[in-house]
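If you read the protein sequences in the order shown, they are chains A and B. In our numbering, each residue's number is its place in the first sequence (first place is 1) plus 800. In our numbering, each residue's number is its place in the second sequence (first place is 1) plus 4.
Any given hint could be a false lead.
[What the hints assert, rightly or not] Subject to a maximum C-alpha distance of 27 Å in a straight line, what follows is the list of computed DSSO-like cross-link-like pairs (lysine-lysine): (1) B:K74 <-> A:K857; (2) B:K60 <-> B:K115; (3) A:K857 <-> B:K46; (4) A:K857 <-> B:K60; (5) B:K60 <-> B:K46; (6) B:K71 <-> B:K6; (7) B:K115 <-> B:K46; (8) B:K74 <-> A:K809; (9) A:K809 <-> B:K115; (10) B:K46 <-> B:K6; (11) B:K71 <-> B:K115; (12) A:K857 <-> A:K809; (13) B:K60 <-> B:K6; (14) B:K115 <-> B:K74; (15) B:K71 <-> B:K60.
[To be verified] Cβ-Cβ distance ranges computed for the label pairs, FRET-style: (16) A:S886 <-> B:S57: 34 to 42 Å; (17) A:G803 <-> B:G13: 27 to 35 Å; (18) B:E9 <-> A:G852: 29 to 37 Å; (19) B:Y55 <-> A:R912: 29 to 37 Å; (20) B:G58 <-> A:G803: 41 to 49 Å; (21) B:R81 <-> A:P870: 43 to 51 Å; (22) B:L15 <-> A:I860: 47 to 55 Å; (23) A:N859 <-> B:S56: 22 to 30 Å; (24) B:P120 <-> A:S865: 43 to 51 Å.
What the hints contain is simulated information worked out from the structure, not anything from laboratory work. From a predicted model like this one, the values you see are computed outputs, not experimental measurements. Each residue gets a CB set at the ideal place from its N, CA and C atoms; glycine is no exception.
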Amino acid sequence: DSGVTQTPKHLITATGQRVTLRCSPRSGDLSVYWYQQSLDQGLQFLIQYYNGEERAKGNILERFSAQQFPDLHSELNLSSLELGDSALYFCASSVPPPDSSLYGYTFGSGTRLTVV
Amino acid sequence: QKEVEQDPGPLSVPEGAIVSLNCTYSNSAFQYFMWYRQYSRKGPELLMYTYSSGNKEDGRFTAQVDKSSKYISLFIRDSQPSDSATYLCAMSERYWSGAGSYQLTFGKGTKLSVIP
Numbered sequence: 801d802s803g804v805t806q807t808p809k810h811l812i813t814a815t816g817q818r819v820t821l822r823c824s825p826r827s828g829d830l831s832v833y834w835y836q837q838s839l840d841q842g843l844q845f846l847i848q849y850y851n852g853e854e855r856a857k858g859n860i861l862e863r864f865s866a867q868q869f870p871d872l873h874s875e876l877n878l879s880s881l882e883l884g885d886s887a888l889y890f891c892a893s894s895v896p897p898p899d900s901s902l903y904g905y906t907f908g909s910g911t912r913l914t915v916v
Numbered sequence: 005q006k007e008v009e010q011d012p013g014p015l016s017v018p019e020g021a022i023v024s025l026n027c028t029y030s031n032s033a034f035q036y037f038m039w040y041r042q043y044s045r046k047g048p049e050l051l052m053y054t055y056s057s058g059n060k061e062d063g064r065f066t067a068q069v070d071k072s073s074k075y076i077s078l079f080i081r082d083s084q085p086s087d088s089a090t091y092l093c094a095m096s097e098r099y100w101s102g103a104g105s106y107q108l109t110f111g112k113g114t115k116l117s118v119i120p
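My request is simple: use the sequences and hints to build the entire structure.
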């Protein structure tokens, strides 16, 4: 167990629907990162939050949005779903400085989204 | 040219072989280099982390960074079937951006199979 918790593990939904993926970071981690992983694209960075504030945006579609709550958990909202949105969605968290020995992200086990 | 290039494989080796996994990159500002291991349907887990050029060894794993050539490698000695996974390289420009985070850029991953 990495300490990063993602729910649900699996999600099957129809095109046009909206889903919410949830992530709880490791205790003490303030940054949360969302990634999408598909077979042909590898890990694609979507968005990052630090202590409740959006810090960076990657290749996130306008149909997708996210937020980080005061208790530091984060939710990724995917709407108007298309077949091509089927992928693994990972959340990761990272330790704030100065503990450089813990550099690197810790990933959750992911949510597998299937759009039919 | 992508920022980080990684041969996707697949790479198949017999048990006990030495495995060499590589990434090249174009951004000379990258200073922090990591290798992640991802088992099927699981989240990536951090294997090795190195700063700047040089070697780092951890058990059967050795990470090498050659910044002059913009080339990093991961060597696995005495490979085991349990090493069968996808290996992703990742790198970052700085330890802490001042915006409460740092950004990792990932390679697409190399799928490794170690045959008993």
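Structure-based check of all given hints:
1. B:K74 <-> A:K857: At roughly 26 Å apart (the allowed maximum being 27 Å), K857 (chain A) and K74 (chain B) satisfy the hint.
2. B:K60 <-> B:K115: Distance ~22 Å between K60 (chain B) and K115 (chain B) Cα, so the pair holds.
3. A:K857 <-> B:K46: Within the cut-off at roughly 24 Å; holds.
4. A:K857 <-> B:K60: violated (32 Å)
5. B:K60 <-> B:K46: Roughly 26 Å separates the two Cα atoms, so the pair holds.
6. B:K71 <-> B:K6: This hinted pair holds, its Cα atoms lying about 17 Å apart.
7. B:K115 <-> B:K46: At roughly 14 Å apart (the allowed maximum being 27 Å), K46 (chain B) and K115 (chain B) satisfy the hint.
8. B:K74 <-> A:K809: Violated: K74 (chain B) and K809 (chain A) sit about 37 Å apart, past 27 Å.
9. A:K809 <-> B:K115: holds (23 Å)
10. B:K46 <-> B:K6: holds (25 Å)
11. B:K71 <-> B:K115: Between K71 (chain B) and K115 (chain B) the Cα gap is close to 24 Å, so the pair holds against 27 Å.
12. A:K857 <-> A:K809: Holds, at about 24 Å.
13. B:K60 <-> B:K6: holds (26 Å)
14. B:K115 <-> B:K74: holds (22 Å)
15. B:K71 <-> B:K60: holds (14 Å)
16. A:S886 <-> B:S57: 34 to 42 Å: holds (40 Å)
17. A:G803 <-> B:G13: 27 to 35 Å: For G13 (chain B) against G803 (chain A), whose Cβ atoms are near 30 Å apart, the range 27 to 35 Å holds.
18. B:E9 <-> A:G852: 29 to 37 Å: holds (36 Å)
19. B:Y55 <-> A:R912: 29 to 37 Å: holds (34 Å)
20. B:G58 <-> A:G803: 41 to 49 Å: violated (29 Å)
21. B:R81 <-> A:P870: 43 to 51 Å: holds (47 Å)
22. B:L15 <-> A:I860: 47 to 55 Å: Violated: the Cβ-Cβ distance is about 32 Å, outside 47 to 55 Å.
23. A:N859 <-> B:S56: 22 to 30 Å: holds (29 Å)
24. B:P120 <-> A:S865: 43 to 51 Å: holds (47 Å)
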